[in-house]
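Residues 0 to 174 in numbering that gives the first Met the number 0 are what the sequence shown lists, from first letter to last.
Rather than coming from a laboratory, the hints here were simulated on the basis of the structure. Possibly wrong hints are sitting among the right ones.
Here are the simulated EDC-like pairs of lysine to aspartate or glutamate, each with C-alpha atoms no more than 16 Å apart in a straight line [to be verified]: (1) K117 x E94; (2) K131 x E73; (3) K21 x E62; (4) K72 x E135; (5) K126 x D77; (6) K72 x E127; (7) K117 x E90; (8) K134 x D20; (9) K115 x E94; (10) K65 x E24; (11) K72 x E130; (12) K115 x E90; (13) K131 x D77.
Have a look at the derived ranges for each label pair, beta carbon to beta carbon [what the hints assert, rightly or not]: (14) S110 x T85: 16 to 24 Å; (15) T85 x K115: 14 to 22 Å; (16) D77 x K116: 18 to 26 Å.
The C-beta atom is built at its ideal place from N, Cα and C for all residues, glycine as well.
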Amino acid sequence: MKVRNGFVSNSSSSSFLVVFDKMPEDVYEVHRLLFPNGAETVCPYDYEIQSHRVAEEVWNDIESQKKELPYSKEFVHDEFSNTAYTQVRKEFFAEQQQVYSLKGKERTNFSEELWKKKDARHEELQKEMSEKFLKEHDGKVILYFTYSDNDGPFYSALEHGEIFSELPHIRISYH
Numbered sequence: 000m001k002v003r004n005g006f007v008s009n010s011s012s013s014s015f016l017v018v019f020d021k022m023p024e025d026v027y028e029v030h031r032l033l034f035p036n037g038a039e040t041v042c043p044y045d046y047e048i049q050s051h052r053v054a055e056e057v058w059n060d061i062e063s064q065k066k067e068l069p070y071s072k073e074f075v076h077d078e079f080s081n082t083a084y085t086q087v088r089k090e091f092f093a094e095q096q097q098v099y100s101l102k103g104k105e106r107t108n109f110s111e112e113l114w115k116k117k118d119a120r121h122e123e124l125q126k127e128m129s130e131k132f133l134k135e136h137d138g139k140v141i142l143y144f145t146y147s148d149n150d151g152p153f154y155s156a157l158e159h160g161e162i163f164s165e166l167p168h169i170r171i172s173y174h
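Construct the entire structure; sequences and hints are all you get.
What follows is the structure in C-alpha cells.
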C-alpha cells in the first residue's frame, strides 16, 4: 500500500494575471496587498512558507517584468486561451460523446464539423473573456506571474496557496 508522505506532485503549473491599482513601490507594499489581514504564513498541503518570503518572490517577479510593461492586448488575449478552452470543452461535452457512438464516414464528418464549431466558439469566448477583463481593469496595472510545483515545495505553495486572493486576478491552470 502506498502512503502519502508530505507533498505529492502531479506536475502542474499556473499563470496569473493580477491587477494592481498602481505599481507597487516595494516589497513591503506587496506584502500589505497580498496579506492585508496580517497573515504570517501560507500553508497549502503540508508545506508552510512565511508570507514575507512570498512577498519577496512576488516583488522580484514584479521587478523582472517592469521592462515588458504594459502588456499588450494580444498578450492578455493569448493568456485566456486555456481558460476559454476549458469552458468550451464543458459546453461541447455531450456532442463530443456522440462522436464515439458513430462509425466510419459519419463519425469523420460529425467530428470535423464539431471541431469547427468548437474552434469558432473558443475564439469567440477567448475574445469575450479577455476584452471583459481588460475593460474591467482599464487604467490599472496588470502583471503576469507563473509558478509550478515542478520547481519544488516553495513554488508549489505559490501556485496553490491562493497568494493573490486579495487582488483581482485570473488563474490559468496547466494541469
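So, going through the hints one by one against the coordinates:
Between K117 and E94, the direct Cα distance comes to roughly 10 Å. Compliance with the 16 Å bound is thereby established for this hinted pair. A hinted pair counts as satisfied when its Cα atoms are at most 16 Å apart, and K131 with E73 qualifies at roughly 13 Å. A threshold of 16 Å between alpha carbons decides the hint, and for K21 with E62 the separation of about 14 Å falls inside it, so the pair holds. Distance check on the hinted pair: K72 and E135 sit about 13 Å apart at the alpha-carbon level, within 16 Å; holds.
Under the criterion of a C-alpha separation no larger than 16 Å, the hint pairing K126 with D77 is consistent with the structure, at around 9 Å. Of the pairs offered as hints, the one joining K72 and E127 holds, with about 12 Å between alpha carbons and a cut-off of 16 Å not exceeded. Taking the CA atoms of K117 and E90, the gap is near 9 Å; set against the 16 Å cutoff, the hint holds. Distance restraint check for K134 and D20: the Cα-Cα separation of roughly 14 Å lies within the 16 Å cut-off, and the hinted pair is therefore satisfied.
For a cut-off of 16 Å, the pair hint linking K115 to E94 stands: about 13 Å separates their Cα positions. Simply put, K65 and E24 have alpha-carbon atoms about 12 Å apart, close enough for the 16 Å limit, and the pair holds. Between K72 and E130, the direct Cα distance comes to roughly 8 Å. Compliance with the 16 Å bound is thereby established for this hinted pair. Between K115 and E90 the CA atoms are separated by roughly 14 Å; this keeps the pair inside 16 Å, and the hint holds.
Taking the CA atoms of K131 and D77, the gap is near 14 Å; set against the 16 Å cutoff, the hint holds. Between S110 and T85, the C-beta spacing of about 20 Å keeps the proposed range 16 to 24 Å intact. Under the hint 14 to 22 Å, the C-beta atoms of T85 and K115, about 19 Å apart, fit the expected range. For D77 and K116, the hinted distance range of 18 to 26 Å is satisfied, since their beta carbons lie about 22 Å from each other.
The structure fails none of the hints (numbered hints given earlier).
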